[in-house]
Amino acid sequence: MDLTLKIWRQENAQAKGGFKNYEVKGVSKDSSFLEMLDVLNESLVDKIESPVCFDHDCREGICGMCSLYINGRPHGPDDAVTTCQLHMRKFSDGDTITIEPWRAKPFPVIKDLVVDRSAFDEIIQAGGYTSASTGGVPDANATLISKYASDLAMDAASCIGCGACVAACKNASAMLFVSAKVSQFALLPQGKVEKERRVQKMVAKMDELGFGNCTNTYACEMECPKEISVSNIARMNREFLGAKILSGEKV
Amino acid sequence: MSKQRTLSSITKKVIMSLAGLFLIIFLLVHLGINLFLMPLTENHQEIFELLAGFMATNPVIKVMEVFLFGGFIIHIIYGLIVQFQNWSSRGSIAYKSGSKTKTTISSQYMIHTGVLVFLFLAMHMYQFYFMKLGLNTTPFVDAHGHPEFYNVAVDLFSTQPVYSVIYIIAFIFLGFHLNHAFQSAFQTLGWEHPKYTPCIKTVGLIYAIVVPLGFIIIPLYFMIMH
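Chains as they are written, first to last, in this note's numbering: chain B, 1 to 251; chain F, 1001 to 1226.
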């Protein structure tokens, strides 16, 4: 496949970026999107040009490092996959592909297509700890958990924190991410001990970092590579309201 | 001491949704009365005037009116605050390739339909509520000098097609606004359920079509009859 790539280039956080066009020739239909970018970077290095910076790590769709806003969608045209799992067969020979970094005020560009997502880490940190019993090893089934609750918690916990929800949201809201992290604990007995504290702290941190307000357009759910459901957002709202109204604890 | 005093994003949205749901109920009452502008029964004009009189004088309704204005003001002010924050969060650089995510048109343009409905509301307040307060005059007054809203409305719809067209367009925008608003309010309040959420969405869609259509039929009737 021969492709034209329109890629956002930006030297550093302070620099003014812009789009640059690149031609890549002979890309295999079976290669992944990131492998295609590797091919481009190889050719740029050969020409002693600066390669295009992009985030990646595991390349098997579980680490949440890869990002890229491809042709108007986070993680590109395929549903429920990360950019590293996106295959070039989803494109056609001769296509022009526009590649942009995540755009959101709390996700500033570091270089080219790499953005700083440490705002997510700050929200996780704000969530705090979970209390656990010390002493001997408890029986594996000492804590009873319903199948239903464990399934929901597991679904929520499959969030990899890539930030596609923020990138897709017209309000740059982080509600899907935060609600998944709140839900995975709130649904389980182990996480219930600090649940009121946790939800209030995480929402306060999310607001403080400048993420937008949720207006329920559900773009986040549509673009989430892990198909995290917006029912988590409703759950977080319930947890938050319950904690605000019923818990007198100062957080 | 530096603890922030502003409301959280979720609290703001909850306040907006509660105010919105209150306005949704109010709209039904308003439609119920307005429909009697048309000859639904022999004595429809009497019923309309009776209901309008009740709404204008009943002490309970008077108290509710305060809540209603409060509801409108809170919904509008928080709607604007939330929107300005959201634009700011999105940052200064827009996506060159736009957004190909298939969200509903209603949900994408809430602020736009909201502002257009507000403009209509401002006009509507000037034409009717200001009349009640005596800040706007009308030739249609009763023996006590009170405005006769039945005649005011029928005259507007019968003789001023521009007003009727603006009225119809405003309610089409309101329909789009309501289509998203109805189910969104329940989601914000945290009521999401595998069985009931699809019901809420269906009821919301029916409400968003039937109620604006009910309002639209009235000017259409008078435009056709004259």
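Don't read these hints as lab results, they were simulated from the structure. Only a predicted model underlies this, so the values are computations on that prediction, with no experimental measurement involved. Certain hints may be false.
Stated by the list, open to error - Computed list of chain F residues with no C-beta within reach of chain B, every gap over 12 angstroms:
#1 Ile1010
#2 Met1064
#3 Gln1083
#4 Ile1093
#5 Thr1103
#6 Ser1106
#7 Ser1107
#8 Tyr1129
#9 Gly1134
#10 Leu1135
#11 Phe1186
#12 Thr1197
Said to hold, decoys possible - As a list, the in silico DSBU-like pairs of lysine-lysine whose alpha-carbon atoms are at most 30 angstroms apart:
#13 B:Lys205 / B:Lys195
#14 B:Lys250 / F:Lys1100
#15 B:Lys105 / F:Lys1100
#16 B:Lys6 / F:Lys1102
Glycine included, each C-beta is placed from N, C-alpha and C at the ideal position.
Against the structure, the hints:
1. Once the 12 angstroms rule is applied to beta carbons, Ile1010 (chain F) is inconsistent with being away from chain B; the minimum gap is 5 angstroms.
2. At roughly 25 angstroms from the closest C-beta of chain B, the C-beta of Met1064 (chain F) stays outside 12 angstroms, upholding its exclusion from the interface.
3. For Gln1083 (chain F), the requirement that its beta carbon stay farther than 12 angstroms from each beta carbon of chain B is not met, with the minimum near 9 angstroms.
4. Annotated as non-interface, Ile1093 (chain F) brings its C-beta within 12 angstroms of a C-beta of chain B; the closest such distance is 6 angstroms.
5. Not every C-beta of chain B lies more than 12 angstroms from that of Thr1103 (chain F), the closest at about 4 angstroms, which undercuts listing it as non-interface.
6. Here Ser1106 (chain F) does not stay apart from chain B, with its beta-carbon only about 9 angstroms from theirs, under the 12 angstroms limit.
7. Residue placement check: Ser1107 (chain F) does not keep its beta carbon more than 12 angstroms from all beta carbons of chain B (closest about 4 angstroms).
8. Against the 12 angstroms criterion, Tyr1129 (chain F) stays outside the reach of chain B, whose nearest CB is about 30 angstroms from its own CB.
9. For Gly1134 (chain F), the requirement that its beta carbon stay farther than 12 angstroms from each beta carbon of chain B is met, with the minimum near 40 angstroms.
10. Consistency note on Leu1135 (chain F): stated as away from chain B, and its beta-carbon is indeed over 12 angstroms from all of that chain's, at 36 angstroms minimum.
11. Against chain B, the non-interface label of Phe1186 (chain F) is violated: not every CB pair exceeds 12 angstroms, the least being about 8 angstroms.
12. Chain B draws Thr1197 (chain F) into its interface by the beta-carbon criterion, the shortest separation being 8 angstroms against a cut-off of 12 angstroms.
13. Distance check on the hinted pair: Lys205 (chain B) and Lys195 (chain B) sit about 15 angstroms apart at the alpha-carbon level, within 30 angstroms; holds.
14. Between the alpha carbons of Lys250 (chain B) and Lys1100 (chain F) the distance comes to roughly 43 angstroms, so the proposed pair goes past 30 angstroms and is violated.
15. Of the supplied pair hints, the one linking Lys105 (chain B) and Lys1100 (chain F) holds, its CA atoms being roughly 21 angstroms apart against a limit of 30 angstroms.
16. Restraint check for Lys6 (chain B) and Lys1102 (chain F): satisfied, since their Cα atoms lie roughly 23 angstroms apart, inside the 30 angstroms limit.
Hint compliance for this structure: hints 1, 3, 4, 5, 6, 7, 11, 12 and 14 are not met, and every other hint is.
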